[in-house]
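Spelled out from the first residue to the last, the chains are:
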Amino acid sequence: MEDITLTINGKKISCQEGTSILNVAEKYGIKIPTLCHHHDLEPFGACRLCLVEEEKTGRLMASCVAPVAQDMTILTDSPRVTKHRRNIVRLMMAEHPESCLVCSKGNRCQLRQIAAQLGVGETDLYPIPNYKRLEQANPFIIRDLSKCILCGKCIRADHELVVVGAIDYNLRGFRSRPATVHDLPLKDSSCTFCGTCVSMCPTGALASKNTKYVGTPEREGLSVCGFCGVGCSLTMGVAGEQVIEVNPSHRQDTVNGATLCVRGHFAHDFLNAGERLIRPMIRKDGELISASWDEALEIVADRLLNIKRTSGPQSVALLGSSKCTNEENYLFQKIARVLLGTNNIDNGGYSSGQRLLRLIDEKTDGGCRIHPLEQLEKAETIFVLGANPDQSAPVVGYYLKRASRKGVTLIVADPRQTELADFASVWLSLLPQSDLELINGIAALLYQKKAYDPSFIDRFTEGFGEYGDGLSSLDLERVTGVTGLDLDILEETAGLLNGKKIAFVVGHGILQQRYGMQSIEALFNLSLMTGSLGHAGAGIYGLARENNQIGAWDMGTAPHALPGRQPLNDVLNSDTARRDWERAWQAKLLPDQGVNVVRMIEEAEKGNLKALYILGENPLRSLPQPERVRKALASVDFVVVQDIFPTETAEIADVILPGAAFSEKGGSFTNMEGRIQTFLPVAPPPGEAKPDWESLFLLAAKIGYTGGNDSLEKIRAEIAELVPMYVELDSQRDVAWVKETSKRKLFDPGGKGGMIPFSSVVSTGDEVYDDIYPFTAILGSVRYHLGSGTRTGYSDRIEELGLKGEVEISPEDGINSGLRDGDMVRVLSPHGSLERAIRLEKRLRKGLIFVPLAVNANDAMNLIGLTELCRPESPGWKTCRVKLEKL
Amino acid sequence: MRPEKIDWGRLASIIEKHRDEKSRLIPLLQDIQETFGYIPPKSIESVAEAMNLFPSQVQGVVSFYAGFSLKPKGKYVLRCCRGTACHVKGSRSILRVVEKELGINEGDTSPDYQFTLETVACLGACFLAPTMMVNRDYFGKLSPTKVTSILSEYRKDKEEQ
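Protein sequences, first through last, are from chains E and S.
Position one of the first sequence corresponds to residue 55 (the working numbering), numbered consecutively onward.
Position one of the second sequence corresponds to residue 54 (the working numbering), numbered consecutively onward.
Honestly, the hints are just simulated from the structure, not real lab data.
Hints may be right or wrong, so weigh each one.
[As the list claims (entries may be wrong)] Dumping the calculated DMTMM-like pairs for lysine to aspartate or glutamate here, alpha-carbon to alpha-carbon at most 20 Å:
(1) E:Lys896 x S:Glu98
(2) E:Lys460 x S:Glu102
(3) E:Lys554 x E:Glu428
[Claimed, not checked] Here are the in silico distance ranges between beta carbons for each label pair:
(4) E:Ala123 x S:Lys95: 28 to 36 Å
(5) E:Gly461 x S:Arg145: 54 to 62 Å
(6) E:Leu541 x S:Ser66: 38 to 46 Å
For every residue, glycine included, the Cβ atom is placed at its ideal position computed from N, Cα and C.
If we strip away everything but chain E, and leave its shape as in the complex, we get (with noise of 0.2 Å):
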């Protein structure tokens, strides 16, 4: 690209060729008024306020779509352009109706804005207003398409950002306006109420539904969404001491940039939920009643130290949690590891297969820790496995479609057909669970072909002659057995792979299945061999469910890892980072690994588990088989549980401290990226409600720990200083990375790390079926609810959507079941039941049942069996055998 020289209001510049008048202009702070314009959306030329003139020709020209020339005279406001940009606002308000006084964009409204700006008060010209449909039959959008000035912001975000294509222009002329197919509702519609249109409306003619206060916030504060693992950076406006609403962050540098999703946008709600936890309690003769901080917390301190000397500190176990900040998850496991003497510590993320991260990084030793979703737009090839995104994690899927729609070829592996498979160049519904033998497949085909990176292989890995064995031993047919898959697919799969760099995408499908850590280690071979690791735009893509899932396990609320996921026991290295940590805490630490979550119910079952101290999970709700984790908690002494609602654990609790939401506290969470992103407070919590670090603070005080900590900042401080991963972080930016510290060579050329082993090729058993369970069920997210649904439960918005969560069946299976839609069926599996409705989804293969998780109390958790713990550590939650029974 050449560079030009123009005069843009007497001020020479130069500038690149190609872009646009305006954005030229933006550069230098030459503020040009435009409706339709959005940095991330290509340059459409609706509104035509943009309009510059040139001031030798005397043309006037929309400035975003104009392209810059040599020597290019422009005025962007001579009073020839002001007197029609102020015709154009004086049309679009002739036919605006008069609601400014009752709409809810209030001083927003960038039409007013502007507006004003130009002086623009009466039109003087004949009102038309053009009155047309107001729809608000969803909990969440209100569309008045009379405040509609046709900017296409809402369509173009729509087609371009999140690439549904749930609206489009219709009509032409006065009657023109965005709708839908077939003009249905948008609940009938594929909208999925990300609210992405509403963010970007200028007018009111979108706007958020249910707000308890209407018109402008009073302040507004950037924060991180607490839902899902991508971490989209949010403004939330606030009215007194209530979020009232949630946009997109107007940063640019953002994971989410315009985007977010249903949950993101609307569902944020429950944080105003009258059920808030708002004052300590305490169980007394068998009832929780209210009680002083300091009440509490002296018998919460008492109590567990009582237990410790009384029983040791291995009857002592604490949950971390994965949705809050790094900061009071490290204090957490400090408490754990530092005050009680224990390792019998977890996180939430547990069943979300952190253990099979670990595997990743353990053998890389840290050198694949950062993952910018930004790079998959740029990826050669994308294959994503077990995940569906548009529904687990939509801000994931938006990247993976807009790159599919800009050529990246995307492979997706999938039991169902999911919305994503429609956009893959090939969709692979294999089996459920096997994962395994499909990547065998694949990778042995390669190898077949000698489609792999020799000079990749050669340089920084090993043990491939070994593994290339394997792979010609592999038999073929047996893979496409198991896996239910041609060869001819199989080998259009690979002919897509070879010679790529490929960016595998995995998600629970493959994170929480039974064969879920050999999937992942054949992954890793497979990245290995095609040289996939260490190179931007490829690698394997772990998706995180919870927010902080990845921050709760850097900071060490893990039984095997100490903060910086440092091993624990690590004979080979004499034990170097566990005596590093003895010296930074002055304490001795225990080498012995604790015990996972699954394992504490277990301990509790057998009568060892003696107190267990619950932070921000709900262990009732998102465990397997809830009845038998009731028991067993109900047998633990002494249950503490730390959260912002009275869930299911709460109720069985001896003590309840009430927890502050992420937006009402200071913290950092890690994203999925390996992002780092700190925030501050944008409302106080309720009542008495404190943020977490600080009850724990106070708690450990009690405990009788003397070691600083007590603010945000010294926490902090002590984390960058003492973690390697966080040396970025800092309360002076709000954004850093987590550092690579791996010393292989392919991450550190002169490093000491050496070679990057392959594992060899291990193959999935046969499975035996036993007849009685013909079907097996697939448990899924929904995208109204994240997780086990217990936060997204309290949104009204969410709520009113009345999910009935139905069972999904297979016509053929359906019909052949004697079960049409909205019949009421009870699922059941060795393990236990459920009753919901089922509907028959043509997308879904025979032999297989979809079972939506979430809804409902997150019952589909009754069919799964808790110690269902297979081969290391892989939750193994994700399908089961079924069978059905109509009701």
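Position chain S against the provided structure of chain E, taking the given hints into account.
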């Protein structure tokens, strides 16, 4: 044309014919309109799938052009001109006569799918004002009696069938 049950096989073959064309959407829609007399709303999804577009985009194009219709039309489509010249020559009364004669309003189709009544901005035959078209035939210098006799011609046509 009375809407018959849509022959989905035929629709699929039309879509296939255009699948690999360049600038293919409008020719495809024209082909469907020609074959079925309208664009069956249910065909939007399959057209979108074949054209690699969102269904909403296809509907946007269909609803933009007056030449495409999502509703089945009558055997005879009447287009009364409401342009300036015709207006001056009394086209409003002509339209009323037609509406009264056919018992349907502007934009509607008679229940027996014989007639559809539309208005257009100009038929380009102002020297014949007031004018109207029935399918592809022009009628000019209309008067109420002339309208009645033209319509009875088409009705007779119906009775003969």
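To see whether the hints hold, each was checked on the structure:
1. E:Lys896 x S:Glu98: Status holds; Cα separation ~16 Å.
2. E:Lys460 x S:Glu102: 17 Å, holds
3. E:Lys554 x E:Glu428: Given that 20 Å is the threshold and the Cα spacing comes to 18 Å, the pair holds.
4. E:Ala123 x S:Lys95: 28 to 36 Å: 49 Å, violated
5. E:Gly461 x S:Arg145: 54 to 62 Å: 55 Å Cβ-Cβ, so the 54 to 62 Å window holds.
6. E:Leu541 x S:Ser66: 38 to 46 Å: 31 Å, violated
Consistency with the previously given hints fails for numbers 4 and 6, ordered from lowest to highest.
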